[in-house]
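Asker: Residue-level listing of the chains:
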Amino acid sequence: MELAIPDLSLVVLIGASGSGKSTFAARHFRPTQVLSSDFFRGLVADDENDQSASGDAFDVLHHVAGKRLAAGRVTVIDATNVQQHVRARLVALAREHNVLPVAVVLDLPEDVCVARNAARPDRDFGAHVVLRHQADLRKSLRHLKKEGFRKVHVLRGQSEVDAATFTYERMLNDLRHETGPFDVVGDVHGCRAELEELLGELGYAITRDAEGRAVDAAHPEGRRAAFVGDLVDRGPDTPGVLRLVMGMVRSGHAFAVSGNHEHKLVQALRGKKVTVAHGLGESLAQLAGESEEFRRDVEAFCYDLVSHYVLDGGALVLAHAGLPENFHGRASGRVRSFALYGDTTGETDEFGLPVRYPWANDYRGKAMVLYGHTPVPKAEWVNGTLCLDTGVVFGGELTALRYPEKELVSVAAHQVWYEPVRPLVDAAPTRDARVLNLGDVTGNRSIETAHHGRISVRAEQSAAALEVMSRFAIDPRWLAYLPPTMAPTATSARDDVLEHPAEAFAGFRGAGVGQVLCEEKHMGSRAVVLVCRDPGVGLARFGVEGGGAVHTRTGRAFFPDGLGEAFLDRVRAAVTAAGLWAELDTGWLLLDAELLPWSAKAGGLIREHFASIGAAANTALPQAVDALTAAAARGIDVGDLLARTTARAANGVAYREAYRRYVWDTDGLAGIRLAPFQLLASEGRTFEDRDHQWHLGIAARLRDADPDLITVTRNLLVDTGDERSVAAGTGWWEDLTAAGGEGMVVKPLANLVRGPRGLVQPGVKVRGREYLRIIYGPDYTETANLDRLRKRSLGGKRSLALREYALGLEGLRRVAAGDPLWRVHECVFAVLALESEPVDPRL
Amino acid sequence: MTTTHRPATDLGFLLHKHPGRAQSFPAPSGTAHVFYPRADEAACTAALLLEVDPVGLVRGRASSLTQYVNDRPYVAGSLLAVALGSVFRTAMNGRCDARPELAATAIPLRVEVPALGSPDAALPAALFEPLGWAVDSTAVPLDPAEPSWGDSRYVTLVLTGELRLADALKQLYVLLPVLDGSKHYWIDQDEVDKLLRAGEGWLAAHPERELITRRYLGRSRPLARSALERLAEADDVPEEALDNALDGPVAAPPSLAGQRRAAVLAALKGSGARRVLDLGCGEGALLRDLVREPSFTEVLGVDVSSRALAVAERRLHLDTLSDRARERIALRQSSLTYADAELAGYDAAVLMEVVEHLEEDRLPALEQAVFEAARPGAVVVTTPNSEYNVLFESLAPNAFRHPDHRFEWTRAQFREWAGGVGSRYGYAIVHLPVGPEDPALGSPTQLAVFTRKQEA
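Just so you know, the sequences run in chain order A and B.
Each residue of the first sequence is one higher than the one before, counting from 1 in my numbering.
Each residue of the second sequence is one higher than the one before, counting from 1 in my numbering.
Any given hint could turn out to be false.
[What the hints assert, rightly or not] Facing chain B, from chain A, some residues (calculated, C-beta under 10 Å):
id, residue
1, Pro324
2, Thr442
3, Thr485
4, Thr552
[Stated by the list, open to error] Below, in silico cross-link-like pairs of lysine to any residue (SDA-like), each with a Cα-Cα straight-line distance of 25 Å or less:
id, chain 1, residue 1, chain 2, residue 2
5, A, Lys797, A, Ser725
6, A, Lys378, A, Asn361
7, A, Lys146, A, Tyr168
8, B, Lys17, A, Arg644
9, B, Lys17, A, Leu641
10, B, Lys453, A, Tyr168
[To be verified] Calculated from the model, a selection of chain A residues having no Cβ within reach of chain B, i.e. all distances over 12 Å:
id, residue
11, Leu43
12, Leu202
13, Val306
14, Gln415
15, Arg471
16, Leu642
17, Gly652
In case anyone wonders, no lab produced these hints; they're calculated from the structure.
Just so it is clear, CB atoms sit at the ideal spot from N, CA and C, and this is done for glycine as well.
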């Protein structure tokens with residue numbers, strides 16, 4: 001005997017004690033699928049038969065069942081379930097999770113049950129218990145369907161129990177095996193001529209009957225159309241639309257989900273009392289001119305329409321009014337109601353139309369959701385969802401989306417067929433700025449990255465980042481990337497420096513990287529520049545009007561308003577002159593760069609911190625030297641204190657010299673220099689696979705276009721396996737730092753490199769001896785201090801650098817692909833959160 | 001420290017340190033050296049040189065650069081005072097078995113401190129002159145190569161006067177760290193005792209005793225540095241530039257804050273709200289008023305700064321409230337530029353002096369978080385009236401009342417913003433003045449009550 005159950009269901013076993021439910025369940029289901037009341041009694045009370053623990057046991061059982069159903073797992077309840085109120089809780093649980101409840105009754109003779117219980121030493125209750133169970137069961141049998149069980153299977157006697165097997169039925173909404181490609185069409189509303197035109201645009205060949213009426217359409221490449229509902233009402237030819245779409249669906253050339261208007265139409269055709277409004281009257285009048293047979297056909301077609309479809313392995317969902325993720329592939333009255341009518345708040349707006357809850361703002365699901373229902377002036381993506389109802393019947397357009405290409409195809413309405421109650425076109429359609437939820441960024445988080453697996457962020461790290469992001473960062477729609485931190489090279493073995501190129505080259509050689517590019521480290525401030533070709537690109541691509549943004553490592557605006565615009569104008573002009581818009585086929589570019597001088601941004605910190613130390617040291621130490629010199633002149637033995645203090649006084653002078661090199665005056669943009677060193681992303685692509693010489697080549701072209709603003713990064717190619725090349729690299733660094741340079745960054749020439757142990761550091765910094773004085777203090781070069789500082793530990797910093805690098809790349813990948821803002825922002829936010837990790841700040 | 005009391009070399013007896021030798025003593029921060037650059041009949045100078053070990057100074061793992069690299073090795077502050085108190089302990093107590101009368105006598109003294117931190121150039125005189133010193137304090141330039149940067153926060157201090165040596169040492173012991181105001185110190189009860197002991201005989205009558213006590217004991221700060229500091233450092237900005245959520249306004253009289261809270265409370269009560277949100281509650285000044293009002297059955301304080309919330313939690317004594325009282329009040333970290341589902345369903349929300357802390361181009365995000373996502377029945381908003389600023393004497397022309405304010409609106413600008421919000425989100429608006437009204441410039445604070453329109 002085959003027992004058919006939906007492949008997502010809550011299976012409720014019903015049977016007296018001793019009817020063999022546990023044995024039955026164990027034979028047909030995996031142990032983890034079966035939740036048995038005995039087991040949960042044991043869990044909460046250490047005794048599977050302690051009936052006084054039943055209340056607590058069922059609470060836990062329901063909780064676990066709820067978690068399983070929420071995750072979409074078939075769950076079997078192994079308990080007697082002979083009483084109606086016990087089953088009612090289970091039916092409610094199934095409904096809460098929009099899963100179908102199924103009843104499987106094991107109706108065995110009393111004597112069999114009693115005999116089985118008697119054979120079990122732990123079941124000491126008498127035969128009367130079984131009798132009572134059996135009586136309850138008999139009473140229940142007839143009402144199970146009415147209680148809400150979608151399927152009821154009754155197995156009478158042991159032979160039926162033994163013969164039973166389960167088969168899983170695919171849900172009606174489950175078209176995951178249909179992988180497309182599709183052409184998804186928005187609300188048609190009886191606009192047959194526009195539909196025929198659109199299908200033509202999409203490449204479909206229309207089949208016509210003897211009277212010239214369109215009855216089918218097929219695509220030469222086998223593409224299928226898919227309709228998001230509301231084929232009918234308001235428009236001039238509802239029967240014509242239905243004839244065509246019904247033909248396409250039945251011939252396998254199209255899919256269609258039901259809209260609220262089809263739902264109403266069925267009720268009207270079945271003679272139910274419905275309010276004839278919102279264009280239903282037009283449909284009924286038009287259908288009155290058709291044959292009775294056609295009307296029956298329409299009624300059957302519309303009645304059979306499913307409320308939503310899940311297609312392409314779960315990657316695509318069609319539902320007339322959209323659908324939140326927890327409803328995908330589920331079945332219940334609530335799911336159907338949402339799919340047809342949306343989630344109304346119960347409020348109405350100034351035109352008397354229902355206020356619709358903007359579910360798409362909160363949508364965070366993986367599947368693309370395509371829908372209609374609410375006419376919009378233009379189809380716009382919101383968190384991976386798209387409304388295709390562009391109001392053709394109100395004189396707008398009929399729109400289709402090519403899937404998976406994500407190309408929109410529209411045809412204009414031939415005329416206004418129906419006057420809208422509410423004006424269709426808002427004066428200035430603005431994208432919803434509230435597309436980010438607190439839940440997108442706070443708490444313990446884990447982000448899947450393409451290059452470094454899952455990366456975790458702890459709640460307290462998120463908390464610190466939340467404050468900085470909320471109070472100081474620029475609009476998150478402009479904030480596509482925060483640069484990762486960079487690890488220094490392994491500590492030098494030499495006794496006069498902390499960092500030296502030898503370890504950097506050896507490190508990359510050890511990681512299997514042959515060619516590295518040494519890039520001069522500009523002592524400025526890190527700047528990320530997002531520049532758009534024109535303000536229209538900003539609005540269309542990022543949802544903000546404007547030409548882009550230039551921001552710091554933590555997402556703060558680099559310049560005050562006007563200056564930022566002027567800066568972007570210069571960068572934009574340079575990109576234009578370099579011909580990069582066309583070459584990269586993009587309307588925007590994201591650049592990683594260093595902005596000079598250091599004092600332009602860090603002026604406050606330099607004065608407050610570094611210059612103050614210099615002032616104090618250069619005031620106190622010379623006087624100390626004078627006093628010691630005087631004492632020594634008196635013949636007092638001051639030991640080597642005088643020598644030490646004299647050395648410290650010299651260090652104080654050197655300290656001042658160190659920061660002064662990175663300070664110069666700027667006036668507006670005069671004096672500001674930008675050194676781009678990497679092109680991060682443009683429309684549809686990222687560039688971590690391009691070698692660093694290519695990136696510096698882009699920078700050089702920008703420099704050629706605006707040499708006053710843009711500067712290039714000096715660099716040297718080194719072969720880590722060639723001693724002479726390594727020596728040349730070392731000499732280059734020595735010259736660079738001797739001339740006051742900060743140092744260099746050594747990067748694998750090829751850019752992104754994976755080694756046998758995962759990602760290779762994208763770059764390590766080798767900082768100069770004098771520059772490090774700023775970081776490690778004036779006296780760090782004294783031997784006693786260097787010896788202690790050499791014991792620094794780099795592991796934490798290296799690990800952090802890789803995690804932030806991978807998060808950065810992930811964010812770039814997402815922004816280039818046009819992912820919803822929250823997907824990009826979670827990566828950006830995570831980089832900031834990780835930056836609050838307490839690693840040695842001198843590294 | 002120099003004396004010209006004859007024989008000047010008696011200074012060695014008073015300090016218990018031989019003028020003919022250089023001596024070294026271990027100090028908590030490094031090594032203290034005492035030596036005499038000059039020691040003759042006419043004049044004797046004792047020098048105390050504290051050689052700070054900058055690497056050893058950092059105990060355990062520090063998280064911020066300023067803990068590693070700072071001015072402590074060069075500046076006469078608490079580290080030097082500690083060394084002074086330990087190297088010259090006996091002298092500070094006024095004991096001198098060799099020259100007991102001299103120890104009890106005021107002698108001519110000259111004290112030179114090459115580099116001393118001071119919040120302003122005048123404070124050294126205000127602190128030392130009442131004690132009988134002639135004060136010469138010279139500001140140290142920040143960087144002679146960058147004259148436009150002006151002076152540093154250090155002065156070179158020269159004190160001359162006739163005092164008992166013990167008194168001079170005690171005064172230096174207290175006043176050097178008071179002037180320096182450094183933050184590298186953990187204050188406990190012990191410190192209070194030390195202040196009382198060292199201040200004996202001179203502090204009680206000092207006209208600046210309150211300032212001295214406050215600055216001496218007020219140097220404490222949480223041992224655990226805030227994560228915010230690390231983020232500030234990552235961006236090369238001073239910590240204070242980011243972690244300023246707790247600072248009060250620089251202008252406006254304190255009474256205005258009370259009037260503002262009273263006006264907000266009245267507006268809330270007028271709305272009939274029972275469950276209320278304080279959005280941007282800061283340290284919880286308004287929360288305290290809200291909790292006292294029994295008609296509010298549930299109060300949720302929300303702020304983006306976890307440090308502010310920690311202070312609020314302490315001030316409201318949340319950990320010791322009764323269960324019943326505890327059920328009425330809660331705190332939550334959230335942000336007004338993200339939609340927070342937990343904030344939905346309240347009767348009323350307060351945005352007291354909050355909107356002006358956001359860049360104007362971020363206000364649409366706040367509007368949607370508050371008026372669309374949280375959507376309370378009523379929203380009470382207060383913000384400064386910039387027209388009134390000219391009446392604040394302490395405020396420079398065109399300056400804002402708080403360094404973190406991103407804008408301050410005129411009455412017309414506030415009305416324009418409020419009107420836009422009202423029509424976009426379906427709220428009716430009533431504007432009210434808060435504080436003394438000027439006929440031409442209006443009130444110092446402006447308040448608007450937004451009431452959600454009943455849906456048709």
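Asker: Of all the hints numbered above, which does this structure not satisfy? Sort the numbers upward.
Answerer: 1, 5, 10, 15, 16 and 17
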